[in-house]
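Asker: Produce the complete structure using the sequences and hints provided.
Listed below are the residues making up each chain.
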Amino acid sequence: MSKNKKPEGMMDPFQEWCHKWGRVGTVIALVYMVAIPFIVLVYYDSVPSLGEVINLSTISILLIYIPVGISEALSYTPILGCSAYLTFITGNIMNLKLPCAANAMKIAGKEPNTPEGEAISSVAVAVCSVMTIVILALAALLSTWIMPVFELPAVRTASEYLIPALFGSLTLGLFASTNSGTKVVKNGIMGVLPVLVIVSILSIVVRLIGGGSLFGAVGFLILFMLPIAIIFSRIMWKKGIIKVVDKETGEE
Amino acid sequence: MASMKDIINSPLLLALVVGGLLYITGFALVYLKKAYTRCIELGITKEDLKKVIKSSLVFSIVPSLSIVVGLFALIAVMGVVWSWWRLSVIGSLSYETMISSSVASAIHFSSSAEMLQSASGREFGIVMILMSVGMLSGFLILIPFGRKLSKSVDRSDKGNTWKYVLSGTFMLCLFAVYIPVLVFGDTVQMLVMVSGLVVAVALGILAKRPGLKWLNEFIMAFSMIVGMASSLLWVRIFG
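In order, the protein sequence lines correspond to chains A and B. If you're matching positions, the first sequence starts at 1 in this note's numbering and goes up one per residue. If you're matching positions, the second sequence starts at 1001 in this note's numbering and goes up one per residue.
Wrong hints could be hidden among the right ones.
[To be verified] Capping the alpha-carbon separation at 20 Å, the derived lysine to any residue pairs in SDA-like fashion look like this:
no. : chain 1 : residue 1 : chain 2 : residue 2
1   : B       : LYS1151   : B       : ILE1141
2   : B       : LYS1046   : A       : GLY109
3   : B       : LYS1163   : A       : ILE36
4   : B       : LYS1005   : A       : ILE36
[Claimed, not checked] What follows is a list of derived Cβ distance ranges for each label pair:
no. : chain 1 : residue 1 : chain 2 : residue 2 : range
5   : B       : GLY1211   : A       : ARG234    : 43 to 51 Å
6   : B       : LEU1206   : A       : VAL27     : 43 to 51 Å
7   : A       : LEU141    : B       : SER1105   : 43 to 51 Å
8   : B       : SER1105   : A       : GLY51     : 14 to 22 Å
9   : A       : LEU141    : B       : GLY1043   : 26 to 34 Å
Because the hints were derived from the structure by calculation, they are not lab data. Model, not experiment: these values are computed from the prediction. Think of the CB as a built atom: it goes at the ideal place given N, C-alpha and C, for glycine as much as any other residue.
Answerer: Encoded structure:
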C-alpha cells in the first residue's frame, strides 16, 4: 500500500503516531507540571494541607480553570485534530495556536480534519510553540531591561485587543477554509444561527444592564453553546438545509 | 519557614522550569520532524512547507509579544520564574492574568503587592498547586477522548457528509460566540475587529495583483497588527 493511502476507517500513520506518542508525551509533561510545585514545596518544607488548597476561598480559582479547560478540550480538539496534544501542552490556544494552524492550512490550501490538514497544522503549531518558548525565555532573561517597553501604555492597550484583532483577521480565513478541498459545506452558518441569536441577546442585555461585556465568560458560553450548535446543525443537515456539495460540480 | 520570595527566587524552581521547557521544546521538535516528513509523503512540496513555516514564525511574533506583556503583569504578582513557566506551557494569557488578579484574595491578602511582601511559602504553595491542577481538566477530556473527538470529524470518510458538517460546526460555533460578544459587548473591541477584517480584505485584494502574491502568507499577521494598533485610536475616541 502506498504511504499516501490509508484504508477507510483507519487513521493516517502520522495521526496514529500523534494519538499514541503525542498522548504519552503529554502525560509525561503533565506529570512533570504537577510535580514541580510539590518538589519545590517539599524541599522548602512548605507543603500546604488539602484543606488549605481546596476551600471556599480558593474554589474561585478552580472555577475559572475547570470549565475553561473542559470547554477548550471539547471545542478545539476536533478543529486541531492530532496537533491538539502539543497545542494543549504549550497553551495559549485561542490567542495563538489555533489561528496559527488555521493560517497554515489556508496557505497550504488544505482542509482541517484531513491527514494533510492535520500534518500541516502540526508543523505550524510546533514552529509556533518553539518560537513562543524562545521569545518568552528571552523576555524572562532580559526582563529587567525590556520591562519598561512592554509597560508603555500604548503597548499595554494594544495587547488588550489581541483577540478582537485576531477575530477580524481570522474571519477571512474561516470562509477560505470552508471553501477549500473537493467538498463544500453549504449553509453551514444556519447550524449556528441559534447560537448567534442567543449570544447576541445575552451580550446586549448584559451591556444594557451592567454596562459590561461577556468577554470574560466566553469559555463558559462555548461550553453551553456547542451542544446547541451541533444539535441544530444536525437537524438542518437532516432537513437538507445544510448540504455538502462537490466543489467542481455543485452536486451532493 | 520559607517565604513566598524564597520560593519564587528558588534555584530549584528555576532548574525545574528550565528542564520542563527543554522537554517541551524537544517534544515540539519531534512533532515538527514527524509532521514535516508526513507532509512530504503526502505530496506537499518543500516550497509550500517553507511558506507555512515562514508564515507561522511571522504570525507567532505579535501574539507572543502580547504574551510578554502578560508575562510582565504576572511577574509583578508571582515573580519571573513561575510566570515564565505558566505562560510558556499550558497557561493561557487571558486566564493566567485573570487568575493573577484573584490569587491574592484567595489566600486572604488584600493585594498582590501585600501577598508578594508577606506570603509564606506554604501560602504561595496553595497558588502553585491550584494553578497546576486547575488546568488539568482539559486533559481529562483530551487524553482519553482526543482520538475519538478527532475521528468524529474525520473528513477523509467521503461517504459520511455529516462529519463534514460537524467538522465545520466547531469553528463556526467559536465565531458565533466570540463575534456577538465582541460586537455588542464593547465598542472598541468591535472596531478593532472590524479594522482587522477590513485590512485582511484589502490585503486579500492586493495579493491578487501580480508581484504581490507573497502578501498571502502574511495577511493574518499584518491585519492582526493593524487591528491591534487601531485600538489606540478607538480607545482615544470611544474609551
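Asker: State for each hint whether it applies.
Answerer: Evaluation of the provided hints:
1. Taken as a hint, the LYS1151(B) and ILE1141(B) pair is honoured in the structure, with Cα atoms around 14 Å apart against an allowance of 20 Å.
2. A hinted pair counts as satisfied when its Cα atoms are at most 20 Å apart, and LYS1046(B) with GLY109(A) qualifies at roughly 14 Å.
3. A hinted pair counts as satisfied when its Cα atoms are at most 20 Å apart, and LYS1163(B) with ILE36(A) does not qualify at roughly 40 Å.
4. This hinted pair checks out: LYS1005(B) and ILE36(A) have alpha carbons roughly 17 Å apart, not beyond 20 Å.
5. Distance hint for GLY1211(B) and ARG234(A): a CB-CB separation of about 46 Å, consistent with the stated range 43 to 51 Å.
6. A C-beta distance of roughly 46 Å is found between LEU1206(B) and VAL27(A), which places it inside the suggested range of 43 to 51 Å.
7. Range check, LEU141(A) to SER1105(B): Cβ separation about 31 Å, and the 43 to 51 Å hint is violated.
8. At about 18 Å, the CB distance of SER1105(B) to GLY51(A) agrees with the hint of 14 to 22 Å.
9. Under the hint 26 to 34 Å, the C-beta atoms of LEU141(A) and GLY1043(B), about 41 Å apart, miss the expected range.
Checked against the numbered hints given earlier, the structure breaks hints 3, 7, 9 and satisfies all the rest.
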